[in-house]
Structures are given as C-alpha cells and as structure tokens.
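**Q** Which chain is which? The protein sequence lines are A and B, in order.
FYI, the working numbering numbers position 84 of the first sequence as 84, with every residue one higher than the one before it.
FYI, the working numbering numbers position 360 of the second sequence as 360, with every residue one higher than the one before it.
Treat the hints as calculated values from the structure; they're not laboratory data.
Because the structure is a prediction, the values reported are computed rather than measured.
Careful, some of the hints might be misleading.
Part of the chain B face toward chain A, derived, beta carbon under 7 Å [what the hints assert, rightly or not]:
no.	residue
1	E133
2	P149
3	V159
4	L163
5	L171
6	A178
Not everything, but these chain B residues come out facing chain A in the computed CB check (under 8 Å) [as the list claims (entries may be wrong)]:
no.	residue
7	L164
8	S166
9	A167
10	G175
We put the CB at the ideal spot given by N, CA and C, even for glycine.
Take a look at the letters that make up each chain.
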Amino acid sequence: MTAVILAAVVGALFALGTFLLLRRDLIRVVWGLAIISQAANVYLLAMGGLAKGTADSVPILAGHGDHVPQTADPLVQALVLTAIVIGFGMTAFALVLSYRVYEEHDTLDVSELGDRE
Amino acid sequence: MLIVLVAAVASLLLGRWPRVRIGVSLAGGAAYAVVVAAIDWYVVLAPDAPGAATYQVGDWPAPFGITLVVDGLSAFMLTMVAVLGIASLVFSTRVLPEIDRRSYYFPLFHFLALGVTGAFLTGDLFNLFVWFEVMLMASYIFVAYYGGPQHTRAAFWYVSLNLLASAVFLLGVGGIYATTGTLNMADLAQRLADPGAYGLEPAPVVGLFALLLSVFAIKAGLVPFQFWIPTAYRAAPPQISALLAGATKKVGIYAIIRLSFTVLADADVPVELAVPGVGTVVAGDSPLAFIGAVLFVMAAASILVGGIGAVGRDSIEGVLAYSSIGQVGFIALPVALAATTASAELRHLAVVAALVYALNHTLAKGLLFLAVGAIRSATGTSQLSDLGGLAGRSPPLAIGFFVGSLALVGIPPLSGFFGKFLVFDAAARAESAPLIVLLLTGSLLTIAYATRTWNRSFWGARTDAVEEASVDVVQVGVVLVLATAIVAVGVGFEPVYEFADAAASAALDSEAYVDAVDPVEPDDLGTGGGEH
Chain A
1 MTAVILAAVV
11 GALFALGTFL
21 LLRRDLIRVV
31 WGLAIISQAA
41 NVYLLAMGGL
51 AKGTADSVPI
61 LAGHGDHVPQ
71 TADPLVQALV
81 LTAIVIGFGM
91 TAFALVLSYR
101 VYEEHDTLDV
111 SELGDRE
Chain B
1 MLIVLVAAVA
11 SLLLGRWPRV
21 RIGVSLAGGA
31 AYAVVVAAID
41 WYVVLAPDAP
51 GAATYQVGDW
61 PAPFGITLVV
71 DGLSAFMLTM
81 VAVLGIASLV
91 FSTRVLPEID
101 RRSYYFPLFH
111 FLALGVTGAF
121 LTGDLFNLFV
131 WFEVMLMASY
141 IFVAYYGGPQ
151 HTRAAFWYVS
161 LNLLASAVFL
171 LGVGGIYATT
181 GTLNMADLAQ
191 RLADPGAYGL
201 EPAPVVGLFA
211 LLLSVFAIKA
221 GLVPFQFWIP
231 TAYRAAPPQI
241 SALLAGATKK
251 VGIYAIIRLS
261 FTVLADADVP
271 VELAVPGVGT
281 VVAGDSPLAF
291 IGAVLFVMAA
301 ASILVGGIGA
311 VGRDSIEGVL
321 AYSSIGQVGF
331 IALPVALAAT
341 TASAELRHLA
351 VVAALVYALN
361 HTLAKGLLFL
371 AVGAIRSATG
381 TSQLSDLGGL
391 AGRSPPLAIG
401 FFVGSLALVG
411 IPPLSGFFGK
421 FLVFDAAARA
431 ESAPLIVLLL
441 TGSLLTIAYA
451 TRTWNRSFWG
461 ARTDAVEEAS
471 VDVVQVGVVL
481 VLATAIVAVG
491 VGFEPVYEFA
501 DAAASAALDS
511 EAYVDAVDPV
521 EPDDLGTGGG
531 EH
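Whole structure, please, built from the sequences with the hints as guidance.
**A** Here's what the structure looks like:
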C-alpha cells in the first residue's frame, strides 16, 4: 500500500515540477526545478526498499557483530541526505541567479528574455 | 586530489593578498601536474606498473565504502586535464583585471579541477553524481562570471538544464541501486555479468543506463542535448571555455566509456528493439548494442549540426563552440562503433581512436579558446567582422591559432592527424560506407569553418581594432606552448599511442577493474542488499 502511495506521490511531484518548469515566470521555473529534485529524492528513498528492514539489508552492521537492530537500509538515507544538501544549494543559487536576471532584464518573463545579444 | 583541495582552500584564504594567491594557485597547479605525472608513471607507464591502483576511503571494503580508482583510462583523462589546467591557469593570471584577482576566481578554478578529478577517480556511481555537482557548481559561476545581462541569462539556462539533469541522474542511480543492490562500479560489473548468482533481474538496468546516458550526453554536449553549449561557452571567460570544452566535456565522454565498457560490457541482458515496418533494428546480448545504436545517432547528428552551425557563426567563440559539438561527435562515433561491434580487436581500436581524438580535441580546442582569449584581451572583440590582418600584427599568435586549426582539421604531423586517422581506420575496418561518408562530410565542414575563421580574422586588411591591439606576451606564450605540445604529440606519437592503448585496455578489461577494486563477495556477508 505504501508503495502505491509513494509511487503516486513521486508521479504527482514530477508532474507538478514539469508543469512549473514550462511556465513563463522564472521564479516558477526555479520552483519547478526544486520540486523535481525533491521528487527525485523521494524516489531515491523509496528505492531503499519499503519492506520492513531486516538485518540482511544492512550488510555493514551484519559484518560487524551479532546484535543487528531491525532497521531500514541506511545507505539510501545517506544518499538522500547528500542529494538534499546539493539540491538545496543549487536551488538557492538558481534563485539568486533569477534575481540577477530580474535586475538586469527588468523582467521575469521567459519569453521577453528572448535572444537579445 | 588532496593537492587541488589544498590549493582551493589556500587560495580562498589568501584573498587579501592577490599576489600570494596567484603564486599559491600556480604552485597548486604545478603540484597537481606533478602528482598526475607520478600517477601516470607508477600506475600505467612504468615497466612493472600494476595497471590500476585503488584507495578505499576509511578502509571500508569495496562495495560499502567510497572507492577511488586510478587505472589507465582515468590516468589518461587526468593527464589531459592537467596539461590544459596548467595552461589555462597561467593564462588566467594574465587576463584578469585586478579586481578579479581579489574575487573567488582562483579558488573556483581549483574547485572545478577538483570536481573533474574526483569524477575521473571515483569508483562509485553516487560519488560520480557528487563530483559532477562539485564541478558544475564551479562552472555555473564561471558562466555567470562577467555579470552582463546575456551572461546571467546563459547561466540561468545552464543551471536549469543541469539541475534537471541532476534529478535524472539521481533517478538512474536510485533505480540501479534498487535493481542491483550496489552502486560500486566494480561490484556492479561483477553482479551484472552474472545476475543469476546474485538473484538479480537485470533487464531494467538497460533503461536506467539510458537515463544516465542522456545525462552524460548533456555534459558532453551531444545532439540533441547541445543547445546550451553555444551560449554558455560564449558567456564564460575564454580560458574557462577552454576548460569546459577540454575537461568537463571529457567527463561526460569518460563516464560513457567507463559505464559502457567497464561496467556493462559483460552484462547478461539480451536487448532487442524493433521498429514497426522496419523490423529489428537493434539486437544483441548486452545493453551495449542498444547504447551503441543511440550513440551512433547522437554522434552523427552532432557532427552535422556542429559542423553546419560552425560555418555560419559570426564570432570566433561561436565557431569554436559549434565546432566543439561537432568534434564531440567525432569522439562519440568510435565509442558507438566499439559498443556495437562484436570483434574485440575492432572494439579496442575504436576506443583507442576515441581517446586519441579526445586528447587532440582537448589540446586543440584549449589552444583555440586561449587564442581567442588573447585576441579578445588584445583587441577587445572576437567578432569576425571586426577582425582582420591579425597575422601581420602578431605572427606568433597567428602561428598558434594556425596550428590549432590544422590540428582540428587533421593535418600530419599534428596530433589531429592520428586522431582522424584512427577514427577513419576504425570506420574502414567496420566496413561501413555510410560511416565513412559521414566522417568525410564532418571533416570537410571542419576544413570549411577553420579556413573561414582563419581568413576572416588573420588575413586581409587590418581593422581599427587590430591596429590598436596590444598583445600580451605571456598569453601568446601559453598558446605557443600548447601548439608545441600538439606538434610534439604528433611527431612523437609512439608513447602517446601506447598510453592510449593502455587506457583502452583498462577501459575494456572489466575483470582487471573488478580485481583492482576487489569488492567483497556476497558469500562472505550473507546475502547483502537486494531486499526489495
């Protein structure tokens, strides 16, 4: 059940992100990017396996002793954490950049940016 | 790698003292080159070289910890970056106005080098993603560096595209982890070669690698993912464009070669692609057949789009940016050939061809972009219509540019000749007439835009801009050193070929790669992973 919900959530996030990405407003484009990267994160987390964790899913702990707690796969969590940090930094940078675009072009409308050289 | 990081941090701290910072930056660049040379010697070129070396970060055994691997392929790529990096760094010290030396230019430069180095060395898919981001973050800022309206705009599209690509990369990585239970490339190769033993269902991997392929194609700038290149290259400072074309592009190529041949080559996945009305287009027992077919189309389109686009540009950077697209096509084509062919000999030859061509492209394109930088800082313009008669104004610069153009065209005894020759040789041995026609067309287009650029900017009557130009000696010196390197590679091609040969063997020999990284067998640790 969780799997279906998660799949639906990932799908919905991607759809929303793509929709925003195709808007004319730069800020919405940045929002779209942020949402898509969040969707990728959720997806990544789901890839760790939704089944209740067992000792088998943590080979590092399994290799180090007998008392392995029941736990989910920790690797995907580490991956997602890294991905979140990177995505966050990138989104901040994109926002600053869009502000700069606004300053220099006096508009946030993609179609007005055009190909002025 | 540590050297670059130290250089980056040191130059970050020394911002108050611009002269010291430049000194430290140059020392860092030199140290980097020395380390790369040492790696080349001890890992690959020395008589009893092991062929590969690994470092398990934190002493975790391979599939769990972070692995750094140097083998022939990585070493070959690193060497290209080191040569170009030094040239670009020396060039930077001359071209930047005083205010920029105080800014974050040099630290960023080193972070860019750090990202590229990391991407070449890592033995783990997720770390590849992280290093990509390190490299991209630095390159975003360089694209926006001049801060004019069109630069911010170019940077915004560049950032948006790459953020999207990063998300796709994550999807691919996540999917591969779920399918195979590992992200370590050696472990991945091992598992894919024998899916039965690990209880895997490897079929989805083909699709997931196609996702990754699109990401790498964006980095490499292959058609249909080429659209960001012209604006971004025009917006970045020329010496950075040289690095973007020479180094970050090669990261995309490297990733394609590494994943296709080292990781996927032995994968036991039958693929078949049938188009209604045409019949079976692609069939084979490994994902390589599929990747090869896709790469063929991309490479062919790149050669044509890049060549035709370059002929019509009105600024030198524009010509070079489009030519970059075309040249990457020339690199990707032998890779595609290697992926589709069944003969081991031809596959080896094709990979060597791709690597030699990549080396030539790095040197020649680096030289040309730096030459444009020299022209720009001398005359203040790079529009072809404003230039003319540069040959009389600065003969050394003209010689440098001439050598670079000829290397692109592929005239012996320059490095370009061997690149072109090997690519043609591979195509001829594959006995593919359309391929040869395509390569010929691409070469003719190269000749067309190279001569056009040359005629318009270096010959003819001197314009006002050229008349008032003051050429910087050091900048031209760097250009000439690179030109000498191109001639040297062409004349003394034997050792270079051996190096490329070793690199190709390393790329194709996934068993050696697996042995070097030595991932723990699943039997040692129970089942491990794959609980989905």
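**Q** Confirm or reject each hint.
**A** Each hint, compared with the structure:
1. Interface hint at B/E133: satisfied, since its Cβ lies 5 Å from the closest Cβ of chain A, which is below the 7 Å cut-off.
2. Hint status for B/P149: holds, given a least beta-carbon distance of 4 Å to chain A, under 7 Å.
3. A cut of 7 Å between beta carbons decides the hint on B/V159: the least distance to chain A is about 5 Å, and the hint holds.
4. With a cut of 7 Å, the hint placing B/L163 at the interface with chain A holds, because the nearest CB-to-CB distance is about 5 Å.
5. The criterion of a C-beta within 7 Å of any C-beta in chain A is met by B/L171, whose closest approach is roughly 6 Å, and the hint holds.
6. A cut of 7 Å between beta carbons decides the hint on B/A178: the least distance to chain A is about 4 Å, and the hint holds.
7. Interface restraint check for B/L164: the shortest CB-CB distance to chain A comes to about 7 Å, inside 8 Å, so the restraint holds.
8. Checking B/S166 against chain A: minimum C-beta separation of about 7 Å stays under 8 Å; hint holds.
9. Given hint, B/A167 at the interface with chain A, holds; its Cβ is 4 Å from that chain's nearest Cβ, closer than 8 Å.
10. Interface restraint check: B/G175 against chain A, minimum CB-CB distance 7 Å, threshold 8 Å, status holds.
Hint violations for this structure: none, all hints satisfied.
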